[in-house]
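Engineer: In case you want the letters, here they are:
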Amino acid sequence: MFNLEKAIKRWRKKLKKFEGLEPGDIEELEGHLRDKIDHLLTNGYDAKEAFEKASSDTTEGLQDVIREFRTSRTNGKNPQAWKSRSWVPSLLPNYMKVTFRNFWRQKAYGFINIIGLAIGIASCLLIFIYIKHELSYDEFHKNANRIYRVNIDYKWGNQQGVGSTTPPPLGKTFREEIPEIESYVRIYKPQPQIVRHGDRYFSESSVLATDSKFFNVFSFRLLKGNPQTVLEKPNSIVLTPEMARKYFDDESPIGQTLEIGKHKTAYTITGIVAPPPSNSHIQFKMLTSISTYRNVEYFDWSWVWNQLTTYVMLKKNASPAAAEAKISSVVNQHLPATFKRIGFSFQELLDNGGHWNYHLQPLTQVWLHSAQIGNVLGGTGNILYVYILGTAAVFILLIACINFMNLATARSVTRGKEVGIRKTLGSSRQSLAGQFLVESLIYSLIASFLACIIIYLALPNFNEMAGTHLAFSLINQPWIILSLLGLTVFVGLFSGSYPAVALTSYQPVEVLKGTIKSGTKGKKLRGTLVVGQFVISITLIIGTLIVHSQLKFMQNKDLGFNKEQVLAIENGKNLGNSQGTFRQELAKIDGIESASLTSSYPTKSDFTDFYRPKTKSGKDLPISSILTDSHFINTLGITLMAGRNFREDAKADSASVIINQETAKNIGWKPEEAIGKKLIYPGGNNQVFTVIGVMNDFNYYSLQNPIGPFAFFNRSSKSYTTSNDYIVARFKPDQIKQTLKKLSKLWNNFMPQTPFEYEFLSDRFAAQYRSQMRMGLIFGVFTFIAILIACMGLLGLVTFATEQRTKEIGIRKVLGATTGNIMMLLSKKFVQLIIIAFLIACPIAYVGMQQWLQDFAYRISIRPSIFVLAGSLAFLLVLVTVCFQTAQAALSNPVKSLRSE
Amino acid sequence: MISRELKAASSKPMILSILSHGESYGYQIIQNIEELSDGEWKWSEAMLYPVLHRMNSEGLIQSRWEVMDNGRKRKYYSLTQNGKEALKTEKKQWMSVHEVLKSLWGPNPELALG
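Residue numbers (our numbering), protein chains in the order written: chain A, 1 to 901; chain B, 1 to 114.
Bound-form chain A, shown alone:
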């Protein structure tokens, strides 16, 4: 049914939208419309037809009517003199004055707004600087876009993986057989070595050995020396200025020598290189020529001695895809020979579903996209963290902007009157919207200024927390000014947008008459926005709690051995033949429980190869192992499940092996059955080892990796050799400091010219989680900031709501309401909102954190108690925020609030 009244109401609403029509005008036109309809009705039209005909006549040329109306009001000349013709509103000074006046009048709102925005902008910009730095890795190389790192991707039996290490012949072969490749550079990272000059000696770990093409391919700056030749001859070394000073003070080091390593080989200094920029994934303090390293030369035939990192530089305009397509045929051509030489068949590897291939990874992606592949020459970043932090930045900014909108609309009562008066005096909607935008822009400008100060103060802490070396300088980094400016304008326009639309829509008559009461408009929207803010905050809290408990879980989980109070002496190999004596002397110190001599220890590298159990269906099994002595199991607190430990007399056990439960399980032995069984080592002349013991499964690496088959061979065994020797010692719990002193003295007796370097095993494990710990910490801090800003906004809203209801509170108190009643009354609404937010946040956080936990082999299950904790935490924070204000209101004397009338 056609409803005439409704149709007219709609028509009226449509007219209201036009600028320049005043309420009286609309009523006059409406009367006209009704007269016309009446007339048409008496002429036999039905209501619908009559309305359509009449309204089409009236609204036809409505624009004309309106224009005429406007000009008629101003006598047709000089349309609205106060409307500026330039893009700068002529009322700008007035807008600014009003902004500051408002700010001054309601300082609390002003401060909440500005500080919230400032923290938001600062966090955002800080994260932006961080992300920009992460993304800028390796872009300083002139040829960055045609340099690629060669990564391996292989599957051999049960073992598979990706990595960044490549064999010695790869670079040369690739350049010769793949026409797209112009040149290559190989980098080898030797073990830390003692470097000596005169009476100065230090253990240096930041030494890289590389080809002479290094400076042709990469754009590291050579300060002194000839880039073509500095790394050509064996035993050449290039230092950073820092290293030069360390060993030579202010003398010119060029041509001088350093003694390096056990044999005190002399290296000639051929050049000085600028330290690599912080955004380089290759980090070094010294560069030596790769030709110095005999082992690299020795393995020139081997395609499985994956110890080098190889970079290739393509010819200009060559297609990387075309180059990569040619790799597998090159590999297939050269690998079989190597396999044959070490007693395997490459064809068999392929037949068993294995593969062995290399891929090209663009240089600029190495840093962020190598979480799995790794980087031997420096660290790796993680693109995931870039995403996570980026999201956090957007969220924080969003929360701060929402605060601004909420507070602005909540204050619409006072501002509504202003809008009414401005409209009455002829201001158009656009210019009013302009006013609100100018206002929020002024706020965001001030906030940005504060943000700069915050960043300036917080950057050192952030750097320490994130392990970065970010710089903040407006002068040297023009892009920071640009992004700050962009951020300011965005925040200003975004947070001013809603007030600009909402506040300017008021009809002056209604506002001035008082029909719009106490900011009721947009109450729902404010509620929604608050819920949104707290969904974000609570999600972040839950996330932080889960990250925290996972990290704690990893640190405290039983690794299968006792990592506390175990110290490892790094450069045990320098002891040479006196290793055994040193270990004995060490074990005699009364603060030491036991000490062991070993080729490696947990968190350090292992040696993994295939072993064949001597059973009917003897399938090859990859087993990781280390070479150790009879004291290792005691020192680390590993439990033997069956069998025995090595004997003190090492020679007796040269063909013995102790396996872990996982190995036994994989082969199909029960721990007791395994004793006396044989393992054959096909890679080592088919030597036979007898299982003498089975130990419990323990985590050799971090808890991010599951436990695989693991074994201990005796140091006297000839299964393989390693160049590393460490001494691990278990301390008695008390007097660690004194024991350390004694230890250091003992070391100096044995090795007077070598620094005493040690590490505690628990620290090494902690270091494995460092990047996650860092992320957890950063995440926590930004979560705190997010919830802080959200609570500030809430405080503003509560203050406002309380102010609005001062009289009501007064009357209620007079009528007998208790303080508790009133606090309940004022808090109820907000508490409801938080509960809604909590209910929305829980599933979001659950799904998100499940995803994150997938990365860990050993992970916590997400227990409901975490949600309860997060919920109560948020609830508590909100309650404190709310009560802070409401209590004040509830406690105030009603006489005060009621007196004014």
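It should be emphasised that the hints constitute simulated quantities derived from the structure, not laboratory data.
Idealized CB from N, CA, C, for every residue including glycine.
Keep in mind that a hint or two might mislead.
So the derived label-pair ranges between C-beta atoms look like this [claimed, not checked]: (1) B:Glu23 x A:Arg101: 47 to 57 Å; (2) B:Gln81 x A:Thr424: 23 to 33 Å; (3) B:Glu23 x A:Lys9: 42 to 52 Å.
Partial list, derived from the structure: chain B residues whose beta carbon lies under 8 Å from chain A [unchecked claim]: (4) Gly26; (5) Glu45; (6) Arg72; (7) Arg74.
Derived pair list, reagent style DSSO-like, types lysine-lysine, alpha-carbon separation capped at 27 Å [claimed, not checked]: (8) A:Lys172 x A:Lys233; (9) A:Lys6 x B:Lys91; (10) B:Lys91 x A:Lys17; (11) A:Lys13 x A:Lys53; (12) A:Lys665 x A:Lys614; (13) B:Lys75 x A:Lys16; (14) A:Lys13 x B:Lys91; (15) B:Lys42 x A:Lys53; (16) B:Lys73 x A:Lys6; (17) A:Lys213 x A:Lys107; (18) B:Lys91 x B:Lys42; (19) A:Lys9 x B:Lys75; (20) B:Lys42 x A:Lys14; (21) A:Lys604 x A:Lys741; (22) B:Lys73 x A:Lys513; (23) A:Lys53 x B:Lys73.
Chain A is already provided as a structure; the job is to place chain B on it using the hints.
Structural biologist: Using the frame of chain A, we list chain B on its own:
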């Protein structure tokens, strides 16, 4: 059809003339004009109301709201003293136009041409 220019030029004297007969309101004015011209003059709201408002602000006419029995509001316009004066002037001008045209279109007008 009456040309736009003529409509615009004549709207003021016409409104003044109609209002000289007494108070009236927008819809009625349009109706009156249409009836008097046998449907030849059709004014639109878009044309009338702006003129009314302008004349109002020029002080030629005045307005008042009247609430009808059915609760509807209507804005009535009437001449002010200025308006009455203006009507006199308009009348004089239009009559002179009328005289000129009448003699031109009558038999044997005396014209000094060429």
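Engineer: Taking the hints in turn, state whether each one holds.
Structural biologist: Structure-based check of each hint:
1. Take Glu23 of chain B and Arg101 of chain A: their Cβ atoms lie about 48 Å apart, and the range 47 to 57 Å holds.
2. With their beta carbons about 30 Å apart, Gln81 of chain B and Thr424 of chain A fall inside the hinted range of 23 to 33 Å.
3. Restraint check, Glu23 of chain B to Lys9 of chain A: a C-beta distance of roughly 29 Å breaks the suggested window 42 to 52 Å.
4. Taken as an interface hint, Gly26 of chain B checks out: its beta carbon lies about 5 Å from the nearest beta carbon of chain A, inside 8 Å.
5. With a cut of 8 Å, the hint placing Glu45 of chain B at the interface with chain A holds, because the nearest CB-to-CB distance is about 5 Å.
6. For Arg72 of chain B, the interface hint holds, the least distance from its beta-carbon to any beta-carbon of chain A being 6 Å, beneath 8 Å.
7. Evaluation of the Arg74 of chain B hint against chain A yields a held restraint, the C-beta minimum of about 5 Å falling below 8 Å.
8. Taken as a hint, the Lys172 of chain A and Lys233 of chain A pair is honoured in the structure, with Cα atoms around 18 Å apart against an allowance of 27 Å.
9. Our distance criterion of 27 Å between C-alpha atoms is broken by Lys6 of chain A and Lys91 of chain B, whose separation comes to about 45 Å.
10. Taking the CA atoms of Lys91 of chain B and Lys17 of chain A, the gap is near 41 Å; set against the 27 Å cutoff, the hint is violated.
11. A threshold of 27 Å between alpha carbons decides the hint, and for Lys13 of chain A with Lys53 of chain A the separation of about 18 Å falls inside it, so the pair holds.
12. Between Lys665 of chain A and Lys614 of chain A the alpha-carbon distance is near 15 Å, which keeps this suggested pair within the 27 Å criterion.
13. A hinted pair counts as satisfied when its Cα atoms are at most 27 Å apart, and Lys75 of chain B with Lys16 of chain A qualifies at roughly 19 Å.
14. For the proposed pair Lys13 of chain A and Lys91 of chain B, the alpha carbon gap of about 42 Å is over 27 Å, so the pair is violated.
15. Proposed proximity of Lys42 of chain B and Lys53 of chain A is supported: the alpha carbons are some 15 Å apart, at most 27 Å.
16. Using a Cα cut-off of 27 Å, the hinted pair Lys73 of chain B and Lys6 of chain A holds, with the two alpha carbons roughly 18 Å apart.
17. Simply put, Lys213 of chain A and Lys107 of chain A have alpha-carbon atoms about 65 Å apart, too far for the 27 Å limit, and the pair is violated.
18. For the suggested pair Lys91 of chain B and Lys42 of chain B, the alpha carbons sit about 22 Å apart, so the restraint of at most 27 Å is met.
19. Note on Lys9 of chain A and Lys75 of chain B: the hinted pairing holds, with a Cα-Cα distance of about 19 Å set against a maximum of 27 Å.
20. Our distance criterion of 27 Å between C-alpha atoms is met by Lys42 of chain B and Lys14 of chain A, whose separation comes to about 25 Å.
21. Between Lys604 of chain A and Lys741 of chain A the CA atoms are separated by roughly 25 Å; this keeps the pair inside 27 Å, and the hint holds.
22. Simply put, Lys73 of chain B and Lys513 of chain A have alpha-carbon atoms about 20 Å apart, close enough for the 27 Å limit, and the pair holds.
23. Among the hinted pairs, Lys53 of chain A with Lys73 of chain B is consistent with the structure: their alpha-carbon atoms are about 21 Å apart, no more than 27 Å.
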